[in-house]
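*Asks:* For reference, the chains in residue letters:
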Amino acid sequence: MKKLERKDFLMLGGGAVAGGLAGYVFSGAPFLGLQWLVEWTQDQHVPVGGPEQYLKAICGACRNSCDMSIRMIGDRAVKIETSNSGCPFSQNALQLLYHPERLDSPLKRTGKKGTARASAFERVSWDEAIADIAKRMNKLIGAKKGNMIAGISKNDNLAGALLNRLVKASGSANAYYEPTLNTLAQAALGGYVDYDLDNADFILSFGARLLEGWGTPCTMNKSFVAWKKKGAKLVQADAVRTRTASIADTWLAIKPGTEIVLALGIANCLAKKGRAAGGADWMAIVGKYTPEKTAAITGLKAKQIEDVADAFARAGNPVAVAGRGGSGVSSSSAEFLAVQALNAMVGSRAATLKKSQDLGEPALSADAAASLKDAKKPAGLDDFIKNGNFEMLFVNEADPAYRSVYGADLINKMEGAFVVAFMPLLNDTAMYADYIFPSLSYLETASATGDAPLKPYMKAVHAGDAIISLAKKVDDAKGAFPWNGYIDLVKTYGAAAGAGAANFNAKVLNDYLASLEKMLKASDEFPLSLVPIELAFVGDGDGLAFPYVLKAIDDKTYSQGKLWVQINRKTADEQGVSEGERIDIESSRGEIGSVRAHLTDTVAPGTIAIPLGFGHKAYTRYAREKGVNPKEIMTNDIDPLTGAANWWLTRVKIS
Amino acid sequence: MKRTVFLIGIPFLVTLYFGFIFSSKGCNYVMANHPDKLIDFNHKSHLSKYFPENGLSKDDCTICHDYYPNGRFKGLPTVAECTSCHDRNAPSKDAGPNVARRKPMFDEYKDTDKPWGSFAKQPGLVYFSHKVVMTAKYEDGRLKARCGSCHGDKADSMNAAAIKGKMLMGQCEDCHTALNISNKCAVCHD
Chain A
1 MKKLERKDFL
11 MLGGGAVAGG
21 LAGYVFSGAP
31 FLGLQWLVEW
41 TQDQHVPVGG
51 PEQYLKAICG
61 ACRNSCDMSI
71 RMIGDRAVKI
81 ETSNSGCPFS
91 QNALQLLYHP
101 ERLDSPLKRT
111 GKKGTARASA
121 FERVSWDEAI
131 ADIAKRMNKL
141 IGAKKGNMIA
151 GISKNDNLAG
161 ALLNRLVKAS
171 GSANAYYEPT
181 LNTLAQAALG
191 GYVDYDLDNA
201 DFILSFGARL
211 LEGWGTPCTM
221 NKSFVAWKKK
231 GAKLVQADAV
241 RTRTASIADT
251 WLAIKPGTEI
261 VLALGIANCL
271 AKKGRAAGGA
281 DWMAIVGKYT
291 PEKTAAITGL
301 KAKQIEDVAD
311 AFARAGNPVA
321 VAGRGGSGVS
331 SSSAEFLAVQ
341 ALNAMVGSRA
351 ATLKKSQDLG
361 EPALSADAAA
371 SLKDAKKPAG
381 LDDFIKNGNF
391 EMLFVNEADP
401 AYRSVYGADL
411 INKMEGAFVV
421 AFMPLLNDTA
431 MYADYIFPSL
441 SYLETASATG
451 DAPLKPYMKA
461 VHAGDAIISL
471 AKKVDDAKGA
481 FPWNGYIDLV
491 KTYGAAAGAG
501 AANFNAKVLN
511 DYLASLEKML
521 KASDEFPLSL
531 VPIELAFVGD
541 GDGLAFPYVL
551 KAIDDKTYSQ
561 GKLWVQINRK
571 TADEQGVSEG
581 ERIDIESSRG
591 EIGSVRAHLT
601 DTVAPGTIAI
611 PLGFGHKAYT
621 RYAREKGVNP
631 KEIMTNDIDP
641 LTGAANWWLT
651 RVKIS
Chain B
1 MKRTVFLIGI
11 PFLVTLYFGF
21 IFSSKGCNYV
31 MANHPDKLID
41 FNHKSHLSKY
51 FPENGLSKDD
61 CTICHDYYPN
71 GRFKGLPTVA
81 ECTSCHDRNA
91 PSKDAGPNVA
101 RRKPMFDEYK
111 DTDKPWGSFA
121 KQPGLVYFSH
131 KVVMTAKYED
141 GRLKARCGSC
151 HGDKADSMNA
161 AAIKGKMLMG
171 QCEDCHTALN
181 ISNKCAVCHD
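Protein sequence lines correspond, in order, to chains A and B.
Each residue of the first sequence is one higher than the one before, starting from 1 at the first, in my numbering.
Each residue of the second sequence is one higher than the one before, starting from 1 at the first, in my numbering.
FYI, nobody ran anything at the bench for these hints, they're computed from the structure.
Hints are not guaranteed to be accurate.
Which chain A residues stay away from chain B? Per the calculated CB distances, all over 10 Å, these [stated by the list, open to error]: (1) Thr115; (2) Arg314; (3) Pro378; (4) Asp451; (5) Glu517.
Listed next, the in silico DSS-like pairs over lysine-lysine satisfying Cα-Cα at most 27 Å (straight line) [to be verified]: (6) A/Lys626 x B/Lys144; (7) B/Lys144 x A/Lys228; (8) A/Lys255 x A/Lys56; (9) B/Lys144 x A/Lys229; (10) A/Lys56 x B/Lys114; (11) B/Lys184 x A/Lys556; (12) A/Lys228 x B/Lys184.
Glycine is no exception: its CB is placed at the ideal position from the N, C-alpha and C atoms.
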């Protein structure tokens, strides 16, 4: 046999290496490795391990109190199931509970305002922080400047009521909620509307995106199933074919902003059938909106309006629903009144006005009373931000710097004030806070019926407990807070009560209709209408901090760092805009850009639909600097009853 | 030329074989739990012989792998399921061909014991509902999924050796897509 040479060894080695590699490839190992790599990039938390068990609890996220089952691996909750599988609250609850940027200790600002960097804060103890804030409050109240203390809460819940009480006991009238469906309805109608939608058989929605975050999403999912089972009819009036409009029995594709006119047109048809609501002056306005006139304004046909009015009148338990939007609601008080008047005209049993039991007015000290005497009371939050003033501001879970159209004004005022925030994640408003207290999610909150399903995260405390602890150190407020803790108050708190009938104020309606006429008129400078849309889990911005929500966003809403807007196809042609083109949008308030254009027939002519919830400056690394916030350029006319800006419809141009 | 083919081909084939075997076994090892299987089990004899004799179909997996009343999957059976046929008081031999005999190996276990573990146990960060997938049907009434889709052909197995282990997320997603089940993160994770 021929002697093996160097070249032969190379061939042997090469063959061996090639064979080994081929065997490795054919075994599928490299593909398995790539799949692992993909999973690894998902940054999914892997529980340390431990026994598997299921905790049973009652969900406290809303009034439905669904049964809840929490799957635990050791001490870590890994999955929540509720008896309502479509509920978005439960799907995001663990994302918030174990969020990597969840605040885990009280923070005191040591750096300049306007940043969310960790280096701008130092960790402090609860006692130290509360003592410092109480000292500042005592000083302000003692100087009869209690009216320079203000509070903004996200929701009208008990923690919000406690903050309102602390602010009032300090001698200030500046206690506000962010505009929500309930707070707007309460200001416009004298009570929130308790809709019994499960039992309605004809639902007439005026831009209320019932299946996209409107009201309580958990309840709405159940109602939708109930409607389908019993054959209830859903009629959706909207300028955009949203998800709700898509699955409605009838979609009334109206011109943006004309919902109130449609309500008056339907009322006009009902009046001809002998139905009435409000006084003669109210009905006189209704009399002007004949189906023909309504059709001309809304873009519908007179026959469509008459048919809807006829079906609405003939239904067994019809209900008209106000509150344009999903999670972010913006409707004028006149619109709430006009829609509720329809319910009054047909005697709907599915729309009852109710009032939450409040905590009553606190007894005021002499200093607080003197301060309150001089205080002005703006009608609502946006009115306060625009026209009010403060030296100390409490922010309870709210994010008005991001969500209000007056966010920039608030930021300017917060720069020179002392700001205290209670929240689980540092949001855009907390970028200007001097103290931030970590608060709890609903999974860590005890209820009147039992302990919290899970232990509080790190050093977080319920905002209600934090406010009570603070109030007990404020000399002029401690008498108004007899509770030892938040749970004491929960146990004594009663159910909501009836709020009587709404006052259908014709002057409010008249004034609004006059301003609407100007708003609806296209000008040469701003020929287009800008209206908001929402993704169900993003809402008005709350959901964007959660990685799973980001993954559910489609690439025609946000992709490659750009937000997409929807433009009517014909309008885009007229404006010379093509699919995917980058555009800037300009209103009389300013410009946002750039965004990409998606051309579609599902938006009314002359209209641009823009997603809400994007363009945060803070609110975790997942939400920060993603897209633009349209509130920066949206209309900021303030409603006289709600004190909130009506930002729904904005005249704009493409620039 | 012959010598070149020989010099390259032989080591190529040898290392191809060993590379393939080594890598495959490595993949199988990392893709399976390694549970103690204290008692062997012959699926094939039970399904092909005893099930038909008792009027059961080969697809009646839920006889042993049942659900709790709330819909949660029980997974592997307890000894109680075995002794419901192999009665603890039955004779262990000479009982006739159609009588399930007592199995002395169960004597050392309580009814609630599970003297075996699962090869396909998903990690703690994944939630999977057997009930949802196994009861999903096409419009014509056919079931969309079978046990074997994920667990392999257990019905033909004669011992407790692994057939298929865990799945990676891509496989879960492929199946979700095929069955029209959402692939959104929160469907399986929280």
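*Asks:* Indicate, hint by hint, whether the structure satisfies it.
*Replies:* Hints, verified against the model:
1. Thr115: holds (31 Å)
2. Arg314: Non-interface label on A/Arg314 holds, nearest chain B Cβ at 35 Å vs cutoff 10 Å.
3. Pro378: holds (40 Å)
4. Asp451: holds (21 Å)
5. Glu517: The claim stands: A/Glu517 keeps its Cβ more than 10 Å from every Cβ of chain B (closest is about 44 Å).
6. A/Lys626 x B/Lys144: Violated, because 40 Å separates the two Cα atoms, which is more than 27 Å.
7. B/Lys144 x A/Lys228: holds (25 Å)
8. A/Lys255 x A/Lys56: violated (48 Å)
9. B/Lys144 x A/Lys229: Status holds; Cα separation ~25 Å.
10. A/Lys56 x B/Lys114: holds (25 Å)
11. B/Lys184 x A/Lys556: holds (17 Å)
12. A/Lys228 x B/Lys184: Satisfied, since the Cα-Cα distance of roughly 25 Å is no more than 27 Å.
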